[in-house]
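Trainee: Protein chains in written order, with UniProt numbering: chain A, 1 to 373; chain B, 1 to 328.
Everything labelled a hint here was simulated from the structure, so no lab data went into it.
In this text, all values refer to a predicted model and were calculated from it rather than measured experimentally.
Just so you know, nobody snuck in bad clues.
Ranges of calculated distance between the beta carbons of each label pair, as one might list FRET restraints:
1) Leu236(A) to Glu43(B): 21 to 29 Å
2) Ile293(A) to Val138(B): 28 to 36 Å
3) Lys59(B) to Trp228(A): 23 to 31 Å
4) Trp25(A) to Arg8(B): 40 to 48 Å
5) Asn333(A) to Leu29(B): 23 to 31 Å
6) Pro96(A) to Ala186(B): 37 to 45 Å
If you want the ones that stay clear, here's a sample from chain B, every Cβ over 12 Å from chain A, calculated:
7) Glu53
8) Leu57
9) Asp64
10) Leu92
11) Gln131
12) Ser175
13) Tyr226
14) Val248
15) Leu250
16) Ile316
Positions of the beta carbon are idealized from the N, C-alpha and C atoms, including for glycine.
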Amino acid sequence: MTDTNVTDMDKTQVIDTARPITLMWWRFKQHKLALWSLYLIGFLYFVAAFAEFLAPYDPFKHSKLHAYVPPQQVHLFHEGSFVGPFIYGLDRKRDPETARLIFSEDTAKVLPIKLFHRGDSYHFWGLWETDLHLFGIEGGRRDRLYLLGSDSLGRDLLSRLIYGGRVTLSVGLIGVFFSFVIGITLGSIAGLVGGRVDAAIQRVAEFVRSIPTIPLWLGLAAALPIHWDPIFVYLLITVILALIGWTNLARVVRGHFMTIRNQDFVLAAQLSGAKPKRVVTRHMLPSMTSYVIAAVTLAIPEMILGETSLSFLGLGLRPPVVSWGVLLQDAQNLRSIALAPWLLAPGAAIVATILAFNFLGDGLRDAADPYQK
Amino acid sequence: MLWFILKRILWSIPTMVLISIATFIIIQLPPGDYVTAYIAELEETGESISALEAVELRKSFGLDRPMIVQYWDWISNIVFYGDFGLSLDWKLPVSDLLWDRIALTLMISTLSLLLTWVIAIPIGVYSATRQYSVFDYVFTVLGFLGRGIPDFLLALVLMWMGFAYFNFHVGGLFSPEMADAPWSLAKFWDLLVHLWVPVVVLATGGAAGLLRVMRANMLEELGKPYVETAYAQGMGEREVVWRYPVRVALNPFFSTVGWALPALISGDVITAVVLNLPTTGPLLLRALLNQDMYMAGGFILILSIFTIIGTLLSDILLTLTDPRIRHA
Chain A
1 MTDTNVTDMD
11 KTQVIDTARP
21 ITLMWWRFKQ
31 HKLALWSLYL
41 IGFLYFVAAF
51 AEFLAPYDPF
61 KHSKLHAYVP
71 PQQVHLFHEG
81 SFVGPFIYGL
91 DRKRDPETAR
101 LIFSEDTAKV
111 LPIKLFHRGD
121 SYHFWGLWET
131 DLHLFGIEGG
141 RRDRLYLLGS
151 DSLGRDLLSR
161 LIYGGRVTLS
171 VGLIGVFFSF
181 VIGITLGSIA
191 GLVGGRVDAA
201 IQRVAEFVRS
211 IPTIPLWLGL
221 AAALPIHWDP
231 IFVYLLITVI
241 LALIGWTNLA
251 RVVRGHFMTI
261 RNQDFVLAAQ
271 LSGAKPKRVV
281 TRHMLPSMTS
291 YVIAAVTLAI
301 PEMILGETSL
311 SFLGLGLRPP
321 VVSWGVLLQD
331 AQNLRSIALA
341 PWLLAPGAAI
351 VATILAFNFL
361 GDGLRDAADP
371 YQK
Chain B
1 MLWFILKRIL
11 WSIPTMVLIS
21 IATFIIIQLP
31 PGDYVTAYIA
41 ELEETGESIS
51 ALEAVELRKS
61 FGLDRPMIVQ
71 YWDWISNIVF
81 YGDFGLSLDW
91 KLPVSDLLWD
101 RIALTLMIST
111 LSLLLTWVIA
121 IPIGVYSATR
131 QYSVFDYVFT
141 VLGFLGRGIP
151 DFLLALVLMW
161 MGFAYFNFHV
171 GGLFSPEMAD
181 APWSLAKFWD
191 LLVHLWVPVV
201 VLATGGAAGL
211 LRVMRANMLE
221 ELGKPYVETA
231 YAQGMGEREV
241 VWRYPVRVAL
251 NPFFSTVGWA
261 LPALISGDVI
271 TAVVLNLPTT
281 GPLLLRALLN
291 QDMYMAGGFI
301 LILSIFTIIG
311 TLLSDILLTL
321 TDPRIRHA
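Isolated chain B (complex conformation):
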């Protein structure tokens, strides 16, 4: 068992190296570099910059060196010193801007994941045990709707409804007057009031998908002889259902944690732009548009690494819960 986990952890190292290379290539792909974008920006405001100055600028940012050297500089600083370089756009170290945002993104993603399960598991079990009942149909319709509505659209509609019908301003994580205030009970409450919107928006899509999976798995398990045996021994329905088939049907949940996480992080990026949340999304978008490469690279790298860790955790969870995989 320990050996399996160790092997799995070792396997993820080359993946991380590959991810870092892919990230670096992606952020290098746009033609031109930060200096070109900077010059274009200056020209829009009527200023200009001489060719010599441009060369000097490139040199000072280290953009004139070969790609492989730049890559090594970038990754070695991250690995050895935790230094993600300087955001060319903000003129601040990337790590200063990065961690707060990542922490919020992870918090929202984790809460959404939990909410996804809280919604999907009981409803999936109910739909399977009361197949073709009225509520089963209701939940089926809701499930399909949830799968069909893109996150950002749901956010837009909620924002509009909140504004038009409830006079409630959806968006942001804090009220304007609370944003810079020090942490207090009032601020925490303010956060909770704002937090539910993005969490619900992100959870619906995933919950809708998992609900169907849970229902299908449960239907398959409920027909098996061991369930009948349990009933025959005189156990009540609640006890039978929750003690045996649910545990088997839960396996796909563990195996998809790894995929649910990247999906949530992806969803967070675009939802955050719509809802104006102080998470990674808006900053990443801005960094990409401005070719602020260290910033964009740092975000993509960290988000991808969290995804790999999520997959790793789901594999380990799966082997812990399902002995058949462990011994295969």
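So that you can see chain A by itself, here it is in the shape it has in the complex:
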């Protein structure tokens, strides 16, 4: 009896003395879906960061003999005995009627999947050259591993998906960074100064909101010449996405400035003689960091969606750049989907990422104010 009382006391004491960030983490942890989404997003960015090492092949390595190979199945047992993960070799046949290539498993040929395999060489982060991959298959020059199938040029879809994730996921981050800069600046000015400046910024935001996004994106993206450096185009696309996406962030920031402007702690800071700059940067902005982080998280999927939609329509990133939107271009018409449904795999990656960011954002928003009941 006394024991439980003591732990209860301890517990309340711990809660009373915990720092806000700890409280937020506790609250966030209760949102299981958000927690799992955080792990998934962490995993995706990890894969994107180490794309060269984790992808089994070079994303541009093509093979005429392996167009539209369906995803290969990984086996563990060969003729009843355990051999570890392996795939069977490929048997190519041509359909006598449609002249289509048909692949089947050649069960005589066992190709074991090896960890830390030496395959295509690459520059790791542009720093040093190596040919070490997490996994790959031993075998002849013609034997290849297609865990997610291959595209029309025989390129490995899994490798392309991993490399594409690097571009698509970073577009989200960079785009959000730009719109964050615009949004927080205009939002805080509107919220602090108020009056006419506020009204003007509000009108501009409303104006941007009132234009249908996709036609606007299309119009702006069409302005980018085809012959420009892909990296430059990539940066400009993120800027375009940001120019349209800042309004929501500005609204959140402005709203919070409006609510805290008249709160006691701000008044206390002002009465103690703090200069306006100090009041804003040391007292007001920190009090809304968590809200801003939540809003930013919810803005990332919008950016990712924007990039994929634009690239899908052929107005965003263009090959040779690999992004999930560019990859989906291959699945644009019914004929290729009917022939190779696995080309829709980047779509699954997009959906998973967007959902994860949405859940994470929801969780963060709930955790943003740990003192709320």
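Since the structure of chain A is provided, determine the placement of chain B on it from the hints.
Mentor: This is chain B only, laid out in the frame that chain A set:
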């Protein structure tokens, strides 16, 4: 009240002017003009054009004049004569190509909006009144899925499933043999058979979002004392719920009509490209790729104006339904 509506209408005029300027700037942004694109196209087929001919071409299209003159010509013709200029690509007046497509886009958008409401309102009310029930969880999961799947991806997947499992060709608004036939009952039926796919595709995303809003609003309203009072007076659940809290919870629907419309029109553009619909999307995309500026400009302008009108309507609806806003 009348004064408020009038003021709101007057306010939207400068916005329209701004939109028209922004549109014109956007379509002028690409380096080069239609003639450059035309020359590039000719060169691809092996033909070429002399510098002098290029200048002549520019002159005949009026592309050599200062931007502000071109803008004034463009907008004054639209405002005074309803003339959107000539599509340089199709060699046809833009208005000939524009209105049919816009009409179809608006039809699909409006139907999707209605479907969005038909899905979101009852499910939102159900989820709120039976919070944490099995169906509430089911609808929550479906709602999140709907929000996470981009329109064009849903269209692609439906197209593939229709083809692979049901041997049903999804895409277009008419069967090939019906496309040019005169309007008849058979053609109308054909349209209905094809129409549901884009309408459903467009409605899912919006419905998923509104469903959450409706559920949250209802949960907030259901806890208020007036609901308890109504129950205490012996009213049945159905009557209480639909008569009071639903009406309050519906307010955000009216205030977001204005945003739902641009979202639907945006979604329509990309979905239409995938599903090969004869709406604005594919034509706008083609016009942008070919730098057919009057065509692209006409589309963006009209779509934006419809959006402004949508926002206007939603503001007016909101003041009609919520007296608190009217008297504020």
